[in-house]
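Student: Single-letter residue listing:
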Amino acid sequence: MYGKKTPLLAIVVAIIILILLPLIRVPQTWILYLFVFCIYVALANMWNFLAGYCGLISLCQPAFIGLGGYTLAISTWLGWPLYLGVIVGALVAALFAVIISIPVFRLSGIYFAIGTIVLPEILRILFLMWRPVGGALYGKGAGYPVKGATAVSANETYWMALIVGIGSILVMRYVLRSNLGLALATIRDNEGTAASSGVNVFKLKVYFLVISALVTGLAGAVFYISQGFIEPTSAFSVKWTMTLMLATVIGGISIEYGPIVGSVIVVILHFLLARYAGFSMLIQGIILIFIMIAAPKGILGALQKTRTSWSLHKILHSSLKP
Amino acid sequence: MNILADLASTITMGIMLGGLYALVALGLSIVFGVMRLINVAHGDLLLLASYLALTLMTYLGLDPIIGLVIVIPALFFIGFVVQKYLLNRAFTISMEAPLIIAFGISIVLQNVFQILWSPLSRGLTTSYTLKSFSIGALNLPLVYLLDFFVGVIVMIFLHQFLHRTYLGKAINAASQDRRAAHLMGINTKQVYAFAFAIAMAIAAIAGVFVGLTFPFTPQSGVSFLIIAFGVVVLGGLGSIAGTFVGGLVMGLAQTLGGYFLGTNAQMLIAYLIVIVLLATRPQGLFGR
Numbered sequence: 000m001y002g003k004k005t006p007l008l009a010i011v012v013a014i015i016i017l018i019l020l021p022l023i024r025v026p027q028t029w030i031l032y033l034f035v036f037c038i039y040v041a042l043a044n045m046w047n048f049l050a051g052y053c054g055l056i057s058l059c060q061p062a063f064i065g066l067g068g069y070t071l072a073i074s075t076w077l078g079w080p081l082y083l084g085v086i087v088g089a090l091v092a093a094l095f096a097v098i099i100s101i102p103v104f105r106l107s108g109i110y111f112a113i114g115t116i117v118l119p120e121i122l123r124i125l126f127l128m129w130r131p132v133g134g135a136l137y138g139k140g141a142g143y144p145v146k147g148a149t150a151v152s153a154n155e156t157y158w159m160a161l162i163v164g165i166g167s168i169l170v171m172r173y174v175l176r177s178n179l180g181l182a183l184a185t186i187r188d189n190e191g192t193a194a195s196s197g198v199n200v201f202k203l204k205v206y207f208l209v210i211s212a213l214v215t216g217l218a219g220a221v222f223y224i225s226q227g228f229i230e231p232t233s234a235f236s237v238k239w240t241m242t243l244m245l246a247t248v249i250g251g252i253s254i255e256y257g258p259i260v261g262s263v264i265v266v267i268l269h270f271l272l273a274r275y276a277g278f279s280m281l282i283q284g285i286i287l288i289f290i291m292i293a294a295p296k297g298i299l300g301a302l303q304k305t306r307t308s309w310s311l312h313k314i315l316h317s318s319l320k321p
Numbered sequence: 000m001n002i003l004a005d006l007a008s009t010i011t012m013g014i015m016l017g018g019l020y021a022l023v024a025l026g027l028s029i030v031f032g033v034m035r036l037i038n039v040a041h042g043d044l045l046l047l048a049s050y051l052a053l054t055l056m057t058y059l060g061l062d063p064i065i066g067l068v069i070v071i072p073a074l075f076f077i078g079f080v081v082q083k084y085l086l087n088r089a090f091t092i093s094m095e096a097p098l099i100i101a102f103g104i105s106i107v108l109q110n111v112f113q114i115l116w117s118p119l120s121r122g123l124t125t126s127y128t129l130k131s132f133s134i135g136a137l138n139l140p141l142v143y144l145l146d147f148f149v150g151v152i153v154m155i156f157l158h159q160f161l162h163r164t165y166l167g168k169a170i171n172a173a174s175q176d177r178r179a180a181h182l183m184g185i186n187t188k189q190v191y192a193f194a195f196a197i198a199m200a201i202a203a204i205a206g207v208f209v210g211l212t213f214p215f216t217p218q219s220g221v222s223f224l225i226i227a228f229g230v231v232v233l234g235g236l237g238s239i240a241g242t243f244v245g246g247l248v249m250g251l252a253q254t255l256g257g258y259f260l261g262t263n264a265q266m267l268i269a270y271l272i273v274i275v276l277l278a279t280r281p282q283g284l285f286g287r
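Top to bottom, those sequences are chains A and B.
One point on numbering: in numbering that gives the first Met the number 0, the residue at position 237 of the first sequence is 236, and numbering is uninterrupted.
One point on numbering: in numbering that gives the first Met the number 0, the residue at position 159 of the second sequence is 158, and numbering is uninterrupted.
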């Protein structure tokens, strides 16, 4: 995965197949699964970006998702075109990230998680009390339908999700290999040393939070087009955090392609467990704890480990023999 | 005159609630102080005590306060097991692992509550929960007075425990310098397990009195977690007196917020205090 030439052709072919899938009349359920998969990939990637590479265990991703969704829903009520609503939704999430960066980054490391857990709660209560548009029947606890969402075909939302999912992978790739990524590695290894050698730690962390919020907000907005309806309790729910954390942890936290592998499993898990709605989250929680203890680096981490130990084994053998 | 009396009773209730909130926060403060872990499952573990007391009350007719005889050891045991078999191991994995596991525990508990006790709002309703008493013109709920005194008593006990017993001193030592404590022959892993267990025993008391004071749902855990966190940040870490003051501030903020802005805004005010505090004085009100 690292250093080796990536089989570019295979990836391009896979993407083309993914793009063309809806046109070759595959079953609608496949498209639905793939749609959810793309959204999860984007969400998990952006969490891995913060948690795995910046050491920031963010528990406020639902805030970005909900803000993206709500901005979209409200903008459709204002008569804006759907695509504009999606983009503005992402921008609102990013703006929110800028605003909250002052309180959440004042405290280092461990405090960050708890500082961020407050944010979705605040937004949930605000949106339960606030009715920006619409009459007595809508807003507050009742939520909003996304106007015009029914006119968008499942294929169209799938393509949007595909763009967001692939986009999130490219963003990760680009950022981690840029100067920002280098600075990031130094912060993670030793924040003090990084700061004293001229890395503006605060500014960098804000950049990363904003990038993560932007993509997460985008994914949230696209998700709520397909959902067609948004209300505060599910939009700012801790279930989102659970999903993206599980996807990252199963695949491998701090591993670039971990969330992609993890998302495949989480999507399968969600659809398998959908029948046992009450137990679904319970089982996911147990899996999360179990994986964290048994295989802290997830599936890819375990594979890498066996591969390294295997190659080490071979080297030792060849060096022992004359 | 009437408004004044209303305001006076709101303030008194806020102060008394402060005792309860300090109690809610103590467990979080101990775990953070000793293990540098923000236990995001704190609120849910506290609710576990509320639900256990509810079960004892409905099936055995046990008064929640007498039920503490069972609930405290139960939570102590759970805390010990969680620390010994999950978190101690997680500490050796990475910085993030304990936090992610605590999050997992929180989700598991929330869903266990939902499955076993339904998503409905519950409360520990006893003969004395609805009683009130009067001081002059003020009419106050009896439970709030209980909350306050229990909070104060537990804090005094904890203070004595940490300064007078071997285990208390060992916990103190491990929280100040883990390696030094280890070199002095303290089994730090065991100490961690006991510290978590004691934190959970205090959370058990807090959970029962929370249940007597407020209605609760399976999702209530997070609001108590945030309140506890607010108290800890307000009061600074490691100081029991600071925790008490932090509790008073959060209690007052909540009752006054409810009085002036309506019950909907009660929690909102408490949450906003946490965020504003993080932005302006992350070292706490009394920190340097």
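Just so you know, the hints here were simulated from the structure itself, not pulled from any lab data.
One or more hints might be untrue.
[As the list claims (entries may be wrong)] To give a feel for the contact side, a few chain A residues facing chain B, derived at Cβ under 8 angstroms:
#1 Leu-94
#2 Val-97
#3 Pro-102
#4 Tyr-110
#5 Leu-181
#6 Ala-184
#7 Met-241
#8 Val-248
#9 Leu-272
#10 Tyr-275
#11 Gly-277
#12 Ile-288
#13 Ala-294
[As the list claims (entries may be wrong)] Quick look at which bits of chain A chain B covers, simulated, 3 or more residues with Cβ under 8 angstroms:
#14 52 to 59
#15 118 to 125
#16 278 to 287
Being a predicted model, the structure only gives us computed values, none of them experimental.
All C-beta atoms in this analysis are idealised placements derived from N, C-alpha and C, irrespective of residue type, glycine included.
Student: Counting residues of the segment 118 to 125 of chain A whose CB is closer than 8 angstroms to a CB in chain B, do you get three or more?
Tutor: holds (count 5)
Student: Minimum Cβ distance from Leu-181(A) to chain B below 8 angstroms?
Tutor: 21 angstroms, violated
Student: Should the hint that Val-97(A) touches chain B count as held when the rule is a Cβ pair under 8 angstroms?
Tutor: 13 angstroms, violated
Student: Mind checking the CB of Met-241(A) against every CB in chain B and telling me if the closest is under 8 angstroms?
Tutor: Nearest chain B Cβ about 5 angstroms off; hint holds.
Student: Mind taking a look at whether chain B covers the segment 52 to 59 of chain A? Criterion is 3 or more residues with CB to CB distance under 8 angstroms.
Tutor: Answer holds; 3 residues pass the 8 angstroms Cβ test.
Student: When the nearest CB of chain B is found for Ala-184(A), is that gap smaller than 8 angstroms?
Tutor: Since the shortest Cβ distance to chain B is 16 angstroms, the answer is violated.
Student: How does the segment 278 to 287 of chain A fare against chain B when you require at least three residues with a CB closer than 8 angstroms, holds or violated?
Tutor: Coverage by chain B holds for the segment 278 to 287 of chain A (7 residues, Cβ < 8 angstroms).
Student: With chain B as the partner, please determine if Pro-102(A) meets the hint condition of a C-beta pair closer than 8 angstroms.
Tutor: At 4 angstroms from the nearest chain B Cβ, Pro-102(A) passes the 8 angstroms test, so the hint holds.
Student: Please verify that hint: Tyr-110(A), Cβ, nearest Cβ of chain B, below 8 angstroms or not.
Tutor: Holds: closest Cβ of chain B sits about 7 angstroms from Tyr-110(A), inside 8 angstroms.
Student: Close enough to count: is the Cβ of Gly-277(A) nearer than 8 angstroms to one in chain B?
Tutor: 6 angstroms, holds
Student: Hey, does the Leu-272(A) contact hint survive, CB to chain B under 8 angstroms?
Tutor: 12 angstroms, violated
Student: Would you settle whether the hint for Val-248(A) is holds or violated, based on the nearest Cβ-Cβ distance to chain B being less than 8 angstroms?
Tutor: 7 angstroms, holds
Hint compliance for this structure: hints 1, 2, 5, 6, 9, 10 and 13 are not met, and every other hint is.
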